[in-house]
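Enquirer: Spelled out, the chains give:
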Amino acid sequence: MVTQKVTVINPSGLHARPAAVLAKAAGKCKSNAVILYGDKKIQIKSILSIMGAGVKKGAEVEIQCDGETEKEDLKMLVELIESGLGE
Amino acid sequence: MEQIHVDKTASRGIAAALVYRYLEPDLMPDTQRITKEQVSEEKKKFDSARSAVIRELEELAAGNEIFAAHLEIAGDFTLQDAVENKIAEEGKNAQMALQESIDEIAAIFEAMDDAYMKERGADIKDIGKRLMAKLKGVKRPDLGDIRSEVIVTAKDLYPSDTVKLNPAFVKGIITEEGGITSHVSIIAKSMNIPTLVGVKGILAKLKEDCMVCMDAGQGIIVIDPDEKVRREYKEKEEAYDQERARLVSLRNRPAVTKEGKRISLCANVGNVEDIRNALPMNIDGVGLFRSEFLYMENDHFPTEEEQYQVYKEAAQLIPDELTIRTLDIGGDKELSYFEFEKEENPFLGWRAIRISLDMKEMFKEQIRAILRASAFGHVRIMFPMIISLEELRAAKEIVEECKQEMDTEGVEYDRNIECGMMMETPASVLLAEEFAKEADFFSIGTNDLTQYLLAVDRGNKKIADRYSYFHPAVVRAIGQIIKAGHKEGIKVGMCGEMAGDSSAVPILLELGLDEFSMSAGSIDYVREQILN
Chain B
263 MVTQKVTVIN
273 PSGLHARPAA
283 VLAKAAGKCK
293 SNAVILYGDK
303 KIQIKSILSI
313 MGAGVKKGAE
323 VEIQCDGETE
333 KEDLKMLVEL
343 IESGLGE
Chain S
10 MEQIHVDKTA
20 SRGIAAALVY
30 RYLEPDLMPD
40 TQRITKEQVS
50 EEKKKFDSAR
60 SAVIRELEEL
70 AAGNEIFAAH
80 LEIAGDFTLQ
90 DAVENKIAEE
100 GKNAQMALQE
110 SIDEIAAIFE
120 AMDDAYMKER
130 GADIKDIGKR
140 LMAKLKGVKR
150 PDLGDIRSEV
160 IVTAKDLYPS
170 DTVKLNPAFV
180 KGIITEEGGI
190 TSHVSIIAKS
200 MNIPTLVGVK
210 GILAKLKEDC
220 MVCMDAGQGI
230 IVIDPDEKVR
240 REYKEKEEAY
250 DQERARLVSL
260 RNRPAVTKEG
270 KRISLCANVG
280 NVEDIRNALP
290 MNIDGVGLFR
300 SEFLYMENDH
310 FPTEEEQYQV
320 YKEAAQLIPD
330 ELTIRTLDIG
340 GDKELSYFEF
350 EKEENPFLGW
360 RAIRISLDMK
370 EMFKEQIRAI
380 LRASAFGHVR
390 IMFPMIISLE
400 ELRAAKEIVE
410 ECKQEMDTEG
420 VEYDRNIECG
430 MMMETPASVL
440 LAEEFAKEAD
450 FFSIGTNDLT
460 QYLLAVDRGN
470 KKIADRYSYF
480 HPAVVRAIGQ
490 IIKAGHKEGI
500 KVGMCGEMAG
510 DSSAVPILLE
520 LGLDEFSMSA
530 GSIDYVREQI
540 LN
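Note that the protein sequences, when read in sequence, are chains B and S.
Each residue of the first sequence is one higher than the last, beginning at 263 in the working numbering.
Each residue of the second sequence is one higher than the last, beginning at 10 in the working numbering.
One chain only, chain S, in its complex shape:
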């Protein structure tokens, strides 16, 4: 028995089954050089392989967008030109010419800085394998042939492989390569198959027909488990499935406490995709839209128009409440296209609202984008890291300035848009009563608040045990913030880790918290606690 811990969970869940090693046949190209006389023959070989693959893909492409794209790629003249050129000019046989062309094209995609496009290199390689198998006259294994419960392990799984995947038999997936945005991860999540990706060296450790237990949520793989562990996982699997079904059945119930108080249950998101994933959980809104991802995933400061498109789409998706936090970079979050000076204490340095107020033109682009999107839903603006009334006023002043500009331009926006603030600095706690008079809402950021109140770096493993949002000082601070907010009649929410911790729900309800905002994965659990 051996236990492995890994950290790339692509899809949560528990499984225990025999291993199915999904191995590619040998697709190494023949390295034989060709003579001038063989050129047309090699071109013909490639051409007939290409026609055969196109026929295969035409069948798969009906109703499947991924294969529709594969079909276009297989028939693409760029690929054909590259292969034929290598055959005619470089004296390479069809297999070598194909391999080199595919590698070159895939490398272009893999060098891109966008995670999605990077993964598209896998699509190119998938088509390359299809073509190579035809050229070599070998058959690739087929996941559709599996007829008993197994955990599939493979180097990586491509769209061609997963299309045949039957969740009735494939109980889990472990791959050596791939990231959590890779094709296999997306498919596994949509089929609810427990999946771990990027598990280096797993194929060498797993023999054919050995037993494996996995807890994908925890990132645990047990190889050759003994009878006791096996039973344990079977029980865990059943309990997990039942628990999931029960939690899902609670989703249609609004989050109302026993005392009859209606609580807002919201999601923390980084992009529009996150909102789509959270929608099935019947959320009351988005309590934190982290706008910094728009800045971090770009190669330039996103323009007003670029931001507007994203915020607008988000506002239309979630009409109830969309809280957009203005740019929160610095600290541990950097931008590839903007150089930050090295700082002794980045968490106490030039970050968040401090940057926005110093770079007014950039800040205005963001505010204008948010205001324009506010015409499409209930959008709220939230400022991070505020320590003084002067800062809050300065930020609100800029919002007013943008509104006036837009009035002159005749651009639509929500005139009653709320401007609130994160409560995450000790200063904001001590001045909460004053802030409550000028902010339209509060949202408690427990991660920074805990770190600043306790003077404990949350990234430092040596003192990790001292970092706790249950520390009496943190709990008291939260209580004071809520009390100050309610005194002025404003809504108080929380968007830090604590809001997604179901064990913290009772105390937060006791303190009077109005809104809980957390990552989508925690929503079902927190709803259950609130209902109880």
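Extracted from the complex, chain B is given alone in its bound form:
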């Protein structure tokens, strides 16, 4: 299992649009990917789980990947969040 912290830079946090981009990308991961945010555990492959957590701009979250391609998956997800998820 690998983890890394990353800061959410999207102006309105992880709202519908960036959440959709993130869930779609995570859907391609072979490892099990979650976001740890405060005491919440978010399933990154589920847009509902991401949106439901209400992650705000500037929040530091921890990405955790566990499984076959965990290293590549973690790198891809961190870079995607750092780049602002297409916003």
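No wet-lab data here; the hints were simulated from the structure.
Among the clues, some could well be false.
[As the list claims (entries may be wrong)] In silico SDA-like cross-links for lysine to any residue, where the CA-CA straight-line distance does not exceed 25 Å:
| no. | chain 1 | residue 1 | chain 2 | residue 2 |
| --- | --- | --- | --- | --- |
| 1 | B | Lys292 | S | Asp90 |
| 2 | S | Lys164 | S | Gly226 |
| 3 | S | Lys198 | S | Ile155 |
| 4 | S | Lys214 | S | Leu36 |
| 5 | B | Lys290 | B | Gln305 |
| 6 | B | Lys319 | S | Ser345 |
| 7 | B | Lys292 | S | Gly84 |
| 8 | B | Lys286 | S | Ala116 |
| 9 | S | Lys127 | B | Gly320 |
| 10 | B | Lys286 | S | Pro168 |
| 11 | B | Lys302 | S | Ile117 |
| 12 | S | Lys127 | B | Leu298 |
| 13 | S | Lys245 | S | Glu537 |
| 14 | B | Lys303 | S | Asp90 |
| 15 | B | Lys303 | S | Asp308 |
| 16 | B | Lys303 | S | Glu93 |
| 17 | B | Lys319 | S | Asn286 |
| 18 | B | Lys286 | S | Asp112 |
| 19 | B | Lys318 | S | Tyr346 |
| 20 | B | Lys267 | S | Asp308 |
| 21 | B | Lys302 | S | Asp90 |
| 22 | B | Lys319 | S | Leu288 |
| 23 | B | Lys319 | S | Tyr346 |
| 24 | B | Lys318 | S | Asn280 |
| 25 | B | Lys302 | S | Gly130 |
| 26 | B | Lys318 | S | Ala120 |
| 27 | B | Lys318 | S | Glu314 |
| 28 | B | Lys319 | S | Phe347 |
[Stated by the list, open to error] On the chain S side, residues computed to face chain B include the following (Cβ under 8 Å):
| no. | residue |
| --- | --- |
| 29 | Ala78 |
| 30 | Ile114 |
| 31 | Val281 |
| 32 | Glu315 |
Every residue gets a Cβ at the ideal spot worked out from N, C-alpha and C, and that includes glycine.
Given the coordinates of chain B, assemble chain S onto it according to the supplied hints.
Expert: The following block gives chain S in isolation, referenced to the frame of chain B:
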């Protein structure tokens, strides 16, 4: 004929047309229980409805971010798991299982404290309706089928509904639900369709094919208008459209008076979105950025980093001038995460700069955030509610302290950043000459100034007629402030309601005001007055 007054204007404008009642077909779930043998059949029903909806959404999602998100939600395993679980474990049919799952997920969003996320419950329900219509085999009505001029009334309108909306035929919208940040409001504003939301009970009052006139800016709806009113609204509509076009055509002209004085025309904003909305009006800057919204919309005191991100984005958007007012809470503005002691006279109590100076560490976080953002544009700091030179000096002292810290840390900021003050207390008027020597600019806050000078509570309806910024005492005070500022060569602006009142423009120009800052909706009107 019946006239209704409402207060939630989502998009201004005037319209007169026949009503189009947009009613959902019956989407109530079947309540029949199922047996163990039917489980796989019900799961299959849901699965094929889901596949059909995904196909529908795939078409809509090309080039549309809202539907791209809907597509993800429809295919989400959280939703699928919830529905299948209810079918298998609780003996519910696919329709019931869907309805309950959607309600549960939507409720999570609706319980959030963020207005934007609250509204996303509507997206979930929208997808739920799509799925339910497929399960029940019914067709939903289509706004794209409208081929004559109408005013659409509905319980609420969802993204699926508005995507087909054609502004050539839909002249106005009235909904029973929804807020001014809801989906329909945003779309209506972008399409310039007059819209009123949250009009409870309107569907019961409007029969099919009845005539309706509406003035969305004023919040007036007239049902079954007589011939005279109808003509009146048609004329008003045309006049409104012409007036809008004319005002918009003035936007490329800088605000220069007949005498040749260049006036700064600025916007009052509460967030970055407000700045984006004001930019098309060709503004000279932001005369008032109300930083308190950052504090009020949060569940904790926003950190330096959180504030910095917002101020930086704002400074980059509006490089000419961004005036950030430091925290102005207390009075009628409270914070959910900080308990204020009950006060006998909150407007004369612990508020604004008084709080900031007493809570120095919190204040420093804000000042540091503003200073860091100043590296990206022309940022100015403005202190609210100052009554004494000691307060102004103390606040400026804290700015200096932050600057020194940042110098040691090697953090970039604008070394010449201006520190100005709001002129909104009687004390600041009487001491204006002294303040002008130490402040870099003045901005007159007419709302509090009027209330304090006249001793009239602006929220008290009983004495509302006594509250006026045209009172000679207020006008004289404004004149004294401007004179004192100009004597020391500093810029004097105004960011209260009066600055956005076009009837006040002549007198304010006469008194020598340099900058008018107001909500975006008034800018076009004030520009016109200044040009004349």
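Enquirer: Is B:Lys286 close enough to S:Ala116, meaning Cα to Cα at most 25 Å?
Expert: holds (24 Å)
Enquirer: Quickly compare the C-alpha distance for B:Lys292 and S:Asp90 to 25 Å and report which way the hint goes.
Expert: holds (20 Å)
Enquirer: So if I understand the rule, the pair passes when the alpha-carbon distance is 25 Å or less; does B:Lys290 with B:Gln305 pass?
Expert: Holds, because 13 Å separates the two Cα atoms, which is no more than 25 Å.
Enquirer: Given the hinted pair B:Lys286 and S:Asp112, is their alpha-carbon gap at most 25 Å?
Expert: Given that 25 Å is the threshold and the Cα spacing comes to 24 Å, the pair holds.
Enquirer: Decide if the proposed pair is consistent with the structure: B:Lys302 and S:Ile117, CA atoms, cutoff 25 Å inclusive.
Expert: With Cα atoms ~14 Å apart, B:Lys302 and S:Ile117 stay inside 25 Å; holds.
Enquirer: Verify the proposed pairing of S:Lys214 with S:Leu36, using a straight-line Cα cut of 25 Å.
Expert: Status holds; Cα separation ~23 Å.
Enquirer: For the pair we were handed, B:Lys319 and S:Tyr346, check the Cα-Cα distance against 25 Å.
Expert: holds (18 Å)
Enquirer: If you draw a straight line from the CA of B:Lys303 to the CA of S:Asp308, is it 25 Å or shorter?
Expert: Cα-Cα ~20 Å, so holds.
Enquirer: Mind checking the alpha carbons of B:Lys319 and S:Ser345 for me, to see if they're no more than 25 Å apart?
Expert: holds (19 Å)
Enquirer: Below or equal to 25 Å on CA atoms is what counts here, so check B:Lys286 against S:Pro168.
Expert: holds (21 Å)
Enquirer: Holds or violated: S:Lys164 and S:Gly226, Cα atoms, limit 25 Å.
Expert: holds (21 Å)
Enquirer: Starting from S:Lys245, check that the Cα of S:Glu537 is at most 25 Å away, please.
Expert: holds (20 Å)
Of the numbered hints given earlier, the model fails none.
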